[in-house]
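Here is how the chains run, residue by residue.
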Amino acid sequence: MIQLEISDKHQETYNNARMLAEHMMRPYSRKYDKAEHQYPKEMEEVAKLMAGSRNTSSKGKKPESASAAVKNSNNMGAVIGMQALAWGDLGLFMAFPGSGLGNAAINSVGTPEQRKKYANAYAAMCITEPGTGSDSANISTTAVREGDQWVINGEKIYVSDGERCDTLVVWATLDKSLGKAAIKSFIVEKGTPGCEVTRLEHKMGIRASDTAAISFNDCRVPLSNILGSPEIATDEEGRKKAFGGVMQTFDNTRPAVAAMAVGIARAALDMAREILAEEDIQLNFEKKPSNTSAIEAELYRMESEWEGARLLTLKAAWMADNGQANSKEASMCKAKAGRMGNYVTLRCVELCQSLGYSEAHLLEKFARDSKIVDIFEGTQQIQQLIVARQVLGKSSSELK
Amino acid sequence: MNTQTDERLFDLTRDDDQRMNQATMQRFAANEIRVVAKDADEAGVTPKGFYSKTAELGLTLLPIPEALGGAGMARSPVSNALNAEDLAWGDMALSLGALTPQAFVNTLLDQGSDAQRERFLPRFCEGTFVSATTALMEPRATFDPMEPQCTSNAIDGCYRLNGSKCMVPLGESAELKMVIAQLDEEGPAAFIIEGTPDGMTVKREEHMGLRTLELATLTFDNVQLPAEALLGGRSFDLQRFVNLSRIGLCALAVGCCQGVLDYVTKYVNERVAFGEPISNRQAVAFMVADMATELEAMRLMTWRAASRAEQGLDFHEQAYLAKVACAEHAMKIGTDGVQLLGGHGFCREHPVESWYRNLRAIAIMDGVASV
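These protein sequences, in sequence, are chains A and B.
In case it helps, the numbering used here puts the first sequence at residues 1 to 400.
In case it helps, the numbering used here puts the second sequence at residues 1001 to 1371.
Just so you know, the hints here were simulated from the structure itself, not pulled from any lab data.
Just so it is clear, CB atoms sit at the ideal spot from N, CA and C, and this is done for glycine as well.
All clues given are correct.
Stretches of chain A that chain B covers, calculated by requiring three or more beta carbons in the stretch to come under 8 Å of a beta carbon on chain B:
1) 276-287
2) 310-324
3) 331-345
Please build the complete structure, drawing on both the sequences and the hints.
See below:
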């Protein structure tokens, strides 16, 4: 049955996370924006409370999925909770200890042994290199088998949580001449000789989140630390499948990143509307936008864009919850939410003029933080490329 | 009752009836609407017998109570929106014409009195097309649906109507018209007008699009209406009517835009320039990607508003925001559709130029296609 309200359980998830965001994140937003790279220890408590609420809610009522045909479960819960936390502060949310993108990779492609061993790891993801960004099939970091070990060499950048994590998932090629089929990922525990954090980036926004450069010099890990098969597929089909498997993680993470954009845009809209209400500008959703003031019309437009992005994000997560392939929808929501989040936060600064631009409020911070959401986990343009290929039925060699 | 199935869940799955309906509507849109749309648009006339065929879809009959000869299904804004979406894929103007009597019926069911339902609804159950319409718009640049300037005054138990309405679908042929006007100092009211009473004139309008819709201006010069013409015998919930109409308009926009997307997808894959299909170029492909993305957002927003209306939840903001989204993005999709076909899109050999002209109306129209 077509019904687009979220379930009561998920509404509760949102309300709880939003409460934490308001009372335990917002008060520290400015502090850690100023103190870049300082560990936000206050977030440990928030992360613990979030994990706690996840456990009790899953222990409580049986998931609706038990008998009903339609499921509203983990993927939806994640994007809904994340909206609320990103409303609190995107940088601080990303600095939550205990979970990084590497965990998602281990959980989605790891063996049962690997999943068990690294169940409590704080794992970051190392993909980008100084010379390789969106074209992740082009990485140069190498992994060479020597006896019962893999020897990893190369340099990785833009590793979120790279310093604070205890485990890394590293993309490396077994043989660059064999193309993307030879790209594998490896679990590297921090402290392994040859693995070193060389630098932390100074960024425009999400300053509470640490972004590291990490070098690997003859870094040796056990053979069993490879994620997936060590074989390099030889036929076209196998090659596609091998890399497709690594890329599939993104179908799950993109709606989550879209949710960040939805959350931060909501934060900006709430704050801008609050500031403008003090100057008697309020929305009643009655007059046509063209018959209202320019500022009201723009607020209506932003509310509308926000709602569109939010629903696309829910749809992608809903499809994942119901076992439907959602690669196109995951990219659609990331594309729409990414550009919406950036547009809305920047416009809110503009509409509030000096109050928006000033550090006296957080609007200017939202506008700085939001930019990265249209970039990481696949830029706007990469999402457009994926959506276009799916809509047009094109391969990556036809539509480059 | 199983409490698990009672729990409200986010769900985008059509139910069995809606799926069956979809197949019927899509077939009708392809076989009966799309094929006649071009000639009809050029002639500015709905093909003979077209509306009779649409009557076979039973659109007006379904929600009318059995006692009055209908099928007695609950009026479903969601199903109505889905039908509008699927039909408009064929052609928005012809579909809006086909749905206009349903908008009249829906509004009568929603806000009419029992006596009015008994009097007017049975004729919609006979399987023939009954031309009936709703009239809200007025001819000025700053018109706002919530502030009609058409007036009505209660005099000796009757009403006197003055002012004019424009962009009234089926304006010339409608035997029943629901006209919205301010009632003295009481606020908005709606009147059911049968035929053409003294003092009322109808003038056909010509517009850049929606050319088969028979849009007309209705002018009222001291038109006397009996007491029972007042819808529901009381003031009219204009906001609710406008909101329900917005859902219908948005659904029509979604359907038309789906038509644009399907058409250009095929075209850019086949059209060769510089030695390869133009869809191999990002500049072209990204436009298609954005079309698909924005269209899906429009659809979800429309469905959400419809679903809230159906559940009896407040849907005022959702309908408003869906209209804001469709007003902007439907036109963008329309203009990009022409752009992607280049000069071919500008010529009438392809339908995209007519969709462009029709889609311009989405931001402008209000008070039609109520679900």
